[in-house]
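In case you want the letters, here they are:
Protein chains: 2
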Amino acid sequence: MTAEIITIGDELLIGQVINTNQAYIAEQLNTVGIYCDRMTTVGDNENVILDSFTTAFERSDVVCVTGGLGPTHDDITKKVVSKFFKTELVMNNDVLAQIEVLAQRRNIAMIQSNIDQALVPKGCTIIPNSAGTAPGMMFEIGKKYFFVMPGVPYEMKGMMDEWIIPFFEKKNISSVVRHRSLKTTGIGESMLAKEIGNVDDVIGRDGTTTLAFLPNPMGTKLRITVKEKSIDSAQLKLNNAEQILRSKIGKYVYSSDEKDLEDVIGEFLTKHKMTLAVAESCTGGMISNRITNVPGASIYFLRGYVTYSNQAKSEELNVPKELISSHGAVSKEVAEAMAHGARVNAKTDIALSVTGTAGPTGGSPEKPVGLCWIGYSDKDITFAMKFNFGDNRLRFKERASQAALELLRRKLLKSE
Amino acid sequence: MTAEIITIGDELLIGQVINTNQAYIAEQLNTVGIYCDRMTTVGDNENVILDSFTTAFERSDVVCVTGGLGPTHDDITKKVVSKFFKTELVMNNDVLAQIEVLAQRRNIAMIQSNIDQALVPKGCTIIPNSAGTAPGMMFEIGKKYFFVMPGVPYEMKGMMDEWIIPFFEKKNISSVVRHRSLKTTGIGESMLAKEIGNVDDVIGRDGTTTLAFLPNPMGTKLRITVKEKSIDSAQLKLNNAEQILRSKIGKYVYSSDEKDLEDVIGEFLTKHKMTLAVAESCTGGMISNRITNVPGASIYFLRGYVTYSNQAKSEELNVPKELISSHGAVSKEVAEAMAHGARVNAKTDIALSVTGTAGPTGGSPEKPVGLCWIGYSDKDITFAMKFNFGDNRLRFKERASQAALELLRRKLLKSE
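Each protein sequence line maps, in turn, to chains A and L. Under our numbering, the first residue of the first sequence carries the number 621, and numbering increases by one thereafter. Under our numbering, the first residue of the second sequence carries the number 621, and numbering increases by one thereafter.
These are computed hints drawn from the structure, not numbers from a lab. Small disclaimer: the values here were computed from a predicted structure and weren't measured. Incorrect hints may have been included.
Quick look at which bits of chain L chain A covers, simulated, 3 or more residues with Cβ under 8 Å [as the list claims (entries may be wrong)]:
1. 622-632
2. 800-814
3. 939-950
4. 1013-1022
5. 1025-1031
Positions of the beta carbon are idealized from the N, C-alpha and C atoms, including for glycine.
Bound conformation, chain A alone (with noise of 0.2 Å):
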């Protein structure tokens, strides 16, 4: 079955608003076999919205409406479905009780436009709105089926999880799709493509699977999906999949289950009773940042050095002053002795540190804006490599800490 998003609201067109919902809405339709084709938004405009609602339902075989439901002057989605579906609206007896509940838990006085709100076109089924006061409708002409919900997410959301997802799922759709991604970094979208070579020796030629290339600054995503008969030939086909993906590319592969970096090694960290510490200058605190989004990084996460002076290096992870005045601040040398000073000062079993410039200014020929070193130290080594990560002063921060969690990881399973 195909379906159709339509998405209604002048505050969406204007860019005020993200529009959050079609994406929802997509995903939850995906788990009952249901593939949303296009995804539609419009304003509040009625013949915009009559147009839309019928080119999406000559089309498709699901139509998702949100939006526009509201009490207030520019909600005339009610009205427009009424015309498409060429009804009248009635009052629903059984939405009013259930709006003068709501009412009154709430301490609000049942004025004119929340009356109003128990209209509902004639013939249309009542979706239930467990957290607001307008109703939801969906209206079933042959094997076509119509949704109108409110645009507020959480009503929304309420309605396809309590009630059109398992209408779909009493129905028994005879496909299910499950996806899966391999969350990869420190090589380029292109490089990957090259190493994993003829896709189809990864997907299949049946054409019921696909593999999609999701590039952001922390690293590409590589997302599996299958669209097959049963959850566990679906699982079967995802299995199969990423077990070929990681004969080719595993060691850039950090996770298959939508986890970051921070996560996994905190797994690690935990799961081997190590501790960490972080000597930070240029990424300025967001690798300890990221580290402790973590809930329970405590347990490992000790210390973190944000030693954005030249006098904080030294004093605070004992760099030599000498080290810095002969090699500068950004140098193997005293990336090295920044993770060794963190790991000693800090009493951990590891430690990372990161020096670089993160421009946009700041650079000289020898050292231009971009250039980082990272360090790594533990009981047994300590090193730093170098890298370039650009001179856009935000990516630089988002990739140098992603390539300093990428070094911790790549050890940390080394000396598993």
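Given chain A, work out where chain L should sit, using these hints.
Structure of chain L alone, referenced to chain A:
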């Protein structure tokens, strides 16, 4: 002029990625008097893409397309664009040269897929990509404009800001839309609305100005939008509305030019030649990270301490062990001692500190999850204030970092 935005990508249709591009493009086009009528999202499917191009370019003056320009097999936009404009892909040597420069700078080998990115439809105008390898394209047909940009948000934003918006600004379109956002923090949305009172007193009654309340965990943004004949009259109206708002709720406003708190504080510290250190426990480096997002932060930000363990608080910040054992790490006394210790050890004019329970677990009846003490120290005074930021770990960190920076801003303002 009317516009239509077409975003291409299977990842959008399955709901894996939330579409932020269309909101950004719509908002930017608004500033040059171009109003978006529709937004459409389609998958990586040639016929559907072609169909969306045809209907959009028929009914709108401007079409903006993003997505599907990458180097991998699922990126088919360029091919479809060529087909739509009945032309062919040709090698563009200028683009190739730019890609080579970028590859060299990033130390990436020039493989075939990188070279192929320099293939562009014959007859298009190239929109340079300052942040990546895929070029943007413009087709000008009569008085209509068709733009193609990459789906990577920061590459698309670069093209909008540096090329497309200036292009239309030069064309001098007949009406202009201007927005101004007053960013507030430290007050809830409802209370803010109450203090502002009748909105018409702020924006007038002629329908050319609107005021929107946009709440987020960092505070509430008040957005004023005016539609005027000239930039000058738009600015005048914005100034007037801002002045009225400031007279009502000025003390909560930290910026009216899209700056963040860390930018505002950075300007203040730079101007007054003051230095800052930060000692963080529960925020885990987020405050240092935010401060160092600002270019030039190294002038005033000298040192950050992420003292996640009690031992770290004692060793790095000289917080007496007895103070921690008698009052607990999350206490007024420890917050004050942390701020004082950070200022003395880092030898700065000012220091901030944060200690709290970010959750999701670890609370007690007396000290529930969400409790947070924020400390401040300068040569004249050391104090701490109590907050509660709720039980969502990431939102706790955001709110706590925002409250700490706002506390600093207000203290700095008073001292001026």
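Consistency of the hints with the structure:
With 3 residues having a beta carbon nearer than 8 Å to a beta carbon of chain A, the stretch 622-632 of chain L meets the requirement of three or more and the stated coverage holds. A stretch counts as covered by a chain when three or more of its residues have a beta carbon under 8 Å from one of that chain; for the stretch 800-814 of chain L and chain A the count is 0, and the coverage is violated. Figure legend: the stretch 939-950 of chain L, annotated as covered by chain A; annotation inconsistent (0 residues with Cβ-Cβ distances under 8 Å, at least 3 required). For the stretch 1013-1022 of chain L, the stated coverage by chain A holds: 3 residues have a C-beta nearer than 8 Å to a C-beta of that chain, and at least 3 were required.
Note: the stretch 1025-1031 of chain L has 0 residues with beta-carbon separation from chain A under 8 Å; the three-residue rule is not met and the coverage is violated.
Hint check: violations occur at hints 2, 3, 5; the rest are consistent with the structure.
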